[in-house]
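Colleague: Sequence:
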Amino acid sequence: MTQVVKPRRVGIIGSGHVGSHVGYSLAILGIADEIYFADRKESVAYSQAIDIQDAVTYMQHCVHVASCGIADLTGCDAIVLAAGQLPEANKSRLATLPRTMMSLVNIVAILKEYVMPTFTGVLICISNPADVVAAYVQKALNLPPRRVICTGTCLDSARLQAILHRELKGNVSPASMHSAMMIGEHGESGIVAWSNVRVCSKSLDELQKENPVRYPSFDRDAVQDEVRKRGHHVLLGKGSTEFGIGMAAATIIKSVFHNDKCLLPCSVYLDGQYGEKGVFASVPVVIGANGVEDIIELELTPEERAGFRNSCSTIRTAIDEALASHPLSEK
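Numbering follows full-length UniProt numbering, in which position 172 of the sequence shown is assigned residue number 172; successive positions increment by one, without gaps.
In case anyone wonders, no lab produced these hints; they're calculated from the structure.
Possibly wrong hints are sitting among the right ones.
As a list, the in silico EDC-like pairs of lysine to aspartate or glutamate whose alpha-carbon atoms are at most 20 Å apart [as the list claims (entries may be wrong)]:
no., residue 1, residue 2
1, K169, E242
2, K6, E42
3, K169, E210
4, K202, E188
5, K6, E34
6, K209, E242
7, K254, E113
8, K229, E167
9, K277, D260
10, K254, E242
11, K209, D225
12, K277, E242
13, K277, E206
14, K229, D219
15, K277, E304
16, K277, D294
17, K261, E210
18, K139, E167
19, K209, E226
20, K6, D72
21, K229, E210
22, K202, E242
23, K209, D271
24, K254, E293
25, K169, E113
26, K261, E297
27, K139, E206
28, K238, E304
29, K254, D294
30, K139, D33
31, K277, E226
Each pair of labels, with its calculated beta carbon distance range [claimed, not checked]:
no., residue 1, residue 2, range
32, E188, G278, 20 to 30 Å
33, R214, H326, 18 to 28 Å
34, L328, N171, 21 to 31 Å
35, N310, R99, 19 to 29 Å
36, H326, P7, 49 to 59 Å
37, R166, E113, 43 to 53 Å
38, A71, E210, 29 to 39 Å
We treat Cβ as the ideally placed atom computed from N, Cα and C, and that holds for glycine.
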């Protein structure tokens, strides 16, 4: 008897630098069996699809890559929202909100009518301002909060880990510092939860005290500021970020498809955790087959808690602005 295996399908809305690199990461890592690009510029979606098709020949996995319309994304197990305005260098991601909302309203309308009635997968939000977009889309599509995941500070945390690797003179690999996380906004108000940074079971404070030569002290405020501005440096140099966010989104989708129960710093709906309610903000979450499986509450110092609260307030204000400028239908 022939066994039929259901292919893992991912739809990507927005086929620019970010969306295309999400698709390429999914293909080269063998996370998805079918990848569909949708874009308001159909020629761009088609071109990205056939470009990755050409690369599949040299991959270890056979992946079907094609372009389609947003309305054709029915049957996808994950949909990635990567459409919208790229941030301008040295400007807040929140400044992209008005133009992103113009694109988002049309996308949401199509998804709601054609895709959502049968959609049982997860929605991954990347479009900036990411936390705000995730909150708006979750409300607009009336999806269970656990099935809407924003990449949030996954990328910021990777940047933090890379910078710590440098500051610690290469003595700890970035992959060994998963506890080093940015929390709060994917943006200028996000903070480092320094009190939770550990290598194995030892805190960064302990390591630096025990062996200051191997693990030298550094200006933590300067590191936090560098993490916040790192994306702007990339934008100034090449016009867009793409590789890091592509891998971050692919890792989230892998954790869903494989039910990895992976702990990642993602922006998710908070319903009382950390004293916050009704806002999307980045915190450590367990990602599995059901989407957000659990939200981990870190022990924060009073200063960190105040910083996180301020960051959530910034996000909440922007969410209110988005809802005021583009009210949701009562239907």
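Colleague: Can you list which hints this structure breaks, lowest number first?
Modeller: Those not satisfied are hints 1, 2, 4, 6, 7, 9, 11, 12, 13, 17, 18, 19, 21, 22, 23, 25, 27, 28, 30, 31, 33, 34, 36 and 38.
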